[in-house]
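Read off the chains here:
There are 2 protein chains.
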Amino acid sequence: MQQYFIDTTLTLQQVETITDPRIVHHVVKVMRMRPEAQFELVDATHQPYLAVLQAVAADQKQLQVQITKRLQRQTELPVSVTLACGLPKREKTEWIVQKATEMGASKIVFFGGERSVVRWDTNKAAKKLARLQLIAQEAGEQSHRNVWPTVTFVSNITAVTALSASVKLFAYEESGKQGENRVLKTALNQLNAEDELLCVFGPEGGISENETAILRTHDFQATGLGPRILRTETAPLYFLSCVSYAAELIYS
Amino acid sequence: MQQYFIDTTLTLQQVETITDPRIVHHVVKVMRMRPEAQFELVDATHQPYLAVLQAVAADQKQLQVQITKRLQRQTELPVSVTLACGLPKREKTEWIVQKATEMGASKIVFFGGERSVVRWDTNKAAKKLARLQLIAQEAGEQSHRNVWPTVTFVSNITAVTALSASVKLFAYEESGKQGENRVLKTALNQLNAEDELLCVFGPEGGISENETAILRTHDFQATGLGPRILRTETAPLYFLSCVSYAAELIYS
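Line by line, the protein sequences are chains P and F.
Quick note: the first sequence, position 91, residue 90 per numbering that gives the first Met the number 0, numbers continuous.
Quick note: the second sequence, position 179, residue 178 per numbering that gives the first Met the number 0, numbers continuous.
Just to be clear, a hint being listed does not mean it is correct.
Using C-beta positions, here's what the derived DEER-type ranges look like [as the list claims (entries may be wrong)]:
hint : chain 1 : residue 1 : chain 2 : residue 2 : range
1    : F       : T10       : P       : E195      : 47 to 55 Å
2    : F       : T157      : P       : R118      : 48 to 56 Å
3    : F       : V146      : P       : G204      : 35 to 43 Å
4    : F       : A56       : P       : T216      : 24 to 32 Å
5    : P       : I249      : F       : E172      : 37 to 45 Å
6    : P       : I249      : F       : R114      : 28 to 36 Å
7    : F       : Y250      : P       : A54       : 30 to 38 Å
8    : F       : A158      : P       : R72       : 30 to 38 Å
9    : P       : T216      : F       : Y250      : 52 to 60 Å
10   : P       : T216      : F       : N122      : 57 to 65 Å
11   : P       : S207      : F       : T157      : 51 to 59 Å
12   : P       : Q37       : F       : Q73       : 26 to 34 Å
13   : F       : P34       : P       : E208      : 47 to 55 Å
14   : F       : E172      : P       : T8        : 24 to 32 Å
Pulled a few chain P residues facing chain F out of the computed Cβ check, cut under 8 Å [what the hints assert, rightly or not]:
hint : residue
15   : K98
16   : E101
17   : T233
18   : C241
Using 27 Å as the maximum straight-line C-alpha spacing, the simulated DSSO-like pairs for lysine-lysine come out as follows [to be verified]:
hint : chain 1 : residue 1 : chain 2 : residue 2
19   : P       : K88       : P       : K60
20   : F       : K60       : F       : K28
21   : F       : K91       : P       : K106
22   : P       : K127      : F       : K28
23   : F       : K91       : F       : K60
24   : P       : K68       : P       : K28
25   : F       : K176      : P       : K106
26   : F       : K106      : F       : K28
27   : F       : K126      : F       : K106
28   : F       : K28       : P       : K91
29   : F       : K127      : P       : K91
30   : P       : K88       : F       : K60
31   : F       : K28       : F       : K88
32   : P       : K91       : F       : K68
33   : P       : K68       : F       : K28
34   : P       : K60       : P       : K91
35   : F       : K68       : P       : K176
36   : F       : K184      : P       : K28
37   : F       : K68       : F       : K88
38   : F       : K176      : F       : K123
39   : F       : K106      : P       : K176
40   : F       : K88       : P       : K91
The hints are simulated quantities; they were obtained by calculation from the structure and are not laboratory data.
All C-beta atoms, glycine included, are put in the ideal place defined by N, C-alpha and C.
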C-alpha cells in the first residue's frame, strides 16, 4: 500500500485536507486514486495511520481524506545508525541515500574526504542536499518507515569526529585484507537498545592515513566488512544489513 | 592492487604472454602501467598470483609478465549462494550483478516472473547475458574474488525450482509485513560448509500467488528480510550481507 509522510499531526477519525503538491500529484496523477481508495499517512509525530480518500478538489490541488485507523508497526531499527560517507562520484550519493534509507539508517552524513574527487561548496551542497532529502523521503515512504533519515554534508573528517555516538567504527579496507573478522560482529553483538552507532566509509580512494589517524585519536575502531573489497557505495549497505540481522532477526 | 582474470593456467616463476585485449587495454591505457608494475592474475584454476610487468609490445597488443608469487587468500563465501531474481526493469539487472558479485554470490539466475514488466526473448537474453557476464567479471576483479558468478536466464519460476540446492528460501514481502523474523537467521545459523543456498526474489511487483504456490510445493521456505519493504534490487544485497555476517564473521 502507498505511504506518504505528511507534516501535520493527525488524530483518529479526523477529516484532513491535504495540500502538499507532492502528495496530491502522486495520489491523483501517478496512482490515479478514486474516492474510497486507501493509503497510509505518517504524521509529523512519526505515527502511521490508514487514510481513506474522500474527495479530490475540482482543481485537483487538494485532497480530503479521513483517518480511519492508527497503525501499529515497528519498521525502525532498534538502534540509531549514522553513516558518514566520504563524498563519492556522480550519482552514487543518490544510490547510497536511497538504499541506506530502505535499510533503516537514521542519519547520512557526507564528508569531503581527502581522496574525494568531487568537491561540494556551500551552494552545491545546498542544492544536492535538497535533492537527497527528497530521495530519502520517497525511499522512506516506499520502504514503509516511520521517519526518513536526515542527509547532511560536512567539509572534512574532523567534523565527523564531532558527531554524537556510543559505538564508533570505520570501515577499513586494510583490515579486510588482513583478515580482520571480529570487530563488527563483536560490536553488534553487544548493542543495547539506546546505542547510537556511527560508521565511517571512505570515498572511492578509501580513507587516507591522516584521516585514519584522526579517527583512531577519537576512539573510532577499524573494522573489516568481510574478505571481499566492497565499493564505496556497497559497504554501507553491507553494514546496515548486518545491523538489521544482528538487532532485528532471531533464531529458533 | 589491480586484479585480472586470465583464461590460462599459470605456474610460479613462469613468464606469460598476455594477449587478452581487455587486460592489455586496461594495463596499458587505463592504468598506464610501466615495467616493474605489479598486479594480480587469477588463473583458470581460480588460483591468484602476483605478476610483474616485464614489457609491453611495441604495437601495444601484448604484455609479457613474470609470475612472482602464489597468493594465499580466502575471498570466496564458505557456502555457495545462488540468487534467483525476477527480471527487473532497466539497469537494475546490472546493479544486481555488480553488487551481488562484490558480496560473494556464486550464481545469479534471472527468471521471467509473472509480474515482470520486462520480457527477454532468446536473442535479447543472449545479448544481455554477455554484457552481464562482463560486469560480473569486472566486479569479481574489483572485489578480489577468485571466481566470478555465472549469470543466466530462465523463462519462469518452474525452471528455478529445478536448480540444485540444499537450502531453498524465497524472500516474501508478506512475511516481512507479518513480522516474520526467524526463518533467515535460523537457516543461516545451521549452514554447513558444503551447503548450496538458493534464494528467490520477486521482480518489482513481487512474487505472484501462483509462483508462491509453486515454490512451496518444491519445499522453498518463505522468509522475511527484516521489517522494512526492500526494493527488488536491494533485497538480494541484504540477503548476501547476512550470509557473509553469519558465515564469515566471528565474535570475541
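Right, here's what the structure says about each hint:
Between T10 (chain F) and E195 (chain P) the Cβ separation comes to about 53 Å, which falls inside the hinted range of 47 to 55 Å. A hinted range of 48 to 56 Å holds for the C-beta pair T157 (chain F) and R118 (chain P), which are about 52 Å apart. About 27 Å separates the C-beta atoms of V146 (chain F) and G204 (chain P), a value inconsistent with the hinted range of 35 to 43 Å. The given range of 24 to 32 Å is broken by A56 (chain F) and T216 (chain P), whose C-beta atoms sit roughly 50 Å from each other.
With their beta carbons about 20 Å apart, I249 (chain P) and E172 (chain F) fall outside the hinted range of 37 to 45 Å. For I249 (chain P) and R114 (chain F), the hinted distance range of 28 to 36 Å is satisfied, since their beta carbons lie about 30 Å from each other. In this structure the hint that Y250 (chain F) and A54 (chain P) lie 30 to 38 Å apart at CB is violated, the actual value being about 56 Å. In this structure the hint that A158 (chain F) and R72 (chain P) lie 30 to 38 Å apart at CB holds, the actual value being about 36 Å.
Look at T216 (chain P) against Y250 (chain F): about 26 Å separates their beta carbons, and that is not inside 52 to 60 Å. Remark: the range hint 57 to 65 Å for T216 (chain P) to N122 (chain F) is upheld by a beta-carbon distance near 59 Å. Evaluation of the 51 to 59 Å hint for S207 (chain P) and T157 (chain F) yields a pass: the beta carbon distance comes to about 52 Å. Separation of Q37 (chain P) from Q73 (chain F) is about 51 Å and departs from the stated range, judged on CB atoms against 26 to 34 Å.
Take P34 (chain F) and E208 (chain P): their Cβ atoms lie about 28 Å apart, and the range 47 to 55 Å is violated. For E172 (chain F) paired with T8 (chain P), a C-beta distance near 30 Å keeps the hint of 24 to 32 Å intact. At its closest, the beta carbon of K98 (chain P) sits 6 Å from a beta carbon of chain F; the interface hint therefore holds under the 8 Å criterion. A distance limit of 8 Å between C-beta atoms decides the matter here; for E101 (chain P) the minimum to chain F is near 5 Å, and the interface restraint holds.
Satisfaction of the interface hint for T233 (chain P) is found here, the shortest Cβ-Cβ separation to chain F being roughly 5 Å, below the 8 Å cut-off. A least Cβ separation of about 5 Å between C241 (chain P) and chain F falls short of the 8 Å threshold, and the interface hint therefore holds. In summary, the hint linking K88 (chain P) to K60 (chain P) is not supported, as the alpha carbons are separated by about 38 Å, beyond the 27 Å threshold. At roughly 11 Å between alpha-carbon atoms, K60 (chain F) and K28 (chain F) fall within 27 Å of each other, so this suggested pair holds.
Restraint check for K91 (chain F) and K106 (chain P): the C-alpha separation of about 25 Å stays at or below 27 Å, so the hint holds. With a CA separation close to 33 Å, the supplied pair K127 (chain P) and K28 (chain F) exceeds the 27 Å bound. For a cut-off of 27 Å, the pair hint linking K91 (chain F) to K60 (chain F) is broken: about 34 Å separates their Cα positions. For the proposed pair K68 (chain P) and K28 (chain P), the alpha carbon gap of about 25 Å is at most 27 Å, so the pair holds.
For the hint pairing K176 (chain F) with K106 (chain P), the CA-to-CA distance comes to about 24 Å; that is within 27 Å, so the pair holds. A threshold of 27 Å between alpha carbons decides the hint, and for K106 (chain F) with K28 (chain F) the separation of about 31 Å lies outside it, so the pair is violated. Between K126 (chain F) and K106 (chain F), the direct Cα distance comes to roughly 18 Å. Compliance with the 27 Å bound is thereby established for this hinted pair. Between the alpha carbons of K28 (chain F) and K91 (chain P) the distance comes to roughly 25 Å, so the proposed pair stays at or under 27 Å and holds.
Of the supplied pair hints, the one linking K127 (chain F) and K91 (chain P) holds, its CA atoms being roughly 23 Å apart against a limit of 27 Å. For the given pair, K88 (chain P) sits about 31 Å from K60 (chain F) by alpha-carbon distance, which is inconsistent with the 27 Å threshold. A distance of roughly 33 Å separates the Cα atoms of K28 (chain F) and K88 (chain F); the hinted pair therefore is violated under the 27 Å criterion. The suggested pairing of K91 (chain P) with K68 (chain F) is violated, with an alpha-carbon distance near 36 Å, which exceeds 27 Å.
For the hint linking K68 (chain P) to K28 (chain F), the alpha-carbon distance of about 62 Å lies beyond 27 Å, and the restraint is violated. In summary, the hint linking K60 (chain P) to K91 (chain P) is not supported, as the alpha carbons are separated by about 34 Å, beyond the 27 Å threshold. For the proposed pair K68 (chain F) and K176 (chain P), the alpha carbon gap of about 17 Å is at most 27 Å, so the pair holds. Under the criterion of a C-alpha separation no larger than 27 Å, the hint pairing K184 (chain F) with K28 (chain P) is inconsistent with the structure, at around 41 Å.
A C-alpha spacing of about 44 Å is found between K68 (chain F) and K88 (chain F), which places the hinted pair above 27 Å, so the restraint is violated. A C-alpha spacing of about 36 Å is found between K176 (chain F) and K123 (chain F), which places the hinted pair above 27 Å, so the restraint is violated. Proposed proximity of K106 (chain F) and K176 (chain P) is supported: the alpha carbons are some 24 Å apart, at most 27 Å. Pair hint K88 (chain F) plus K91 (chain P) holds up; C-alpha atoms about 19 Å apart against a cutoff of 27 Å.
Violation of the numbered hints given earlier is confined to hints 3, 4, 5, 7, 9, 12, 13, 19, 22, 23, 26, 30, 31, 32, 33, 34, 36, 37, 38; the remaining hints are satisfied by the structure.
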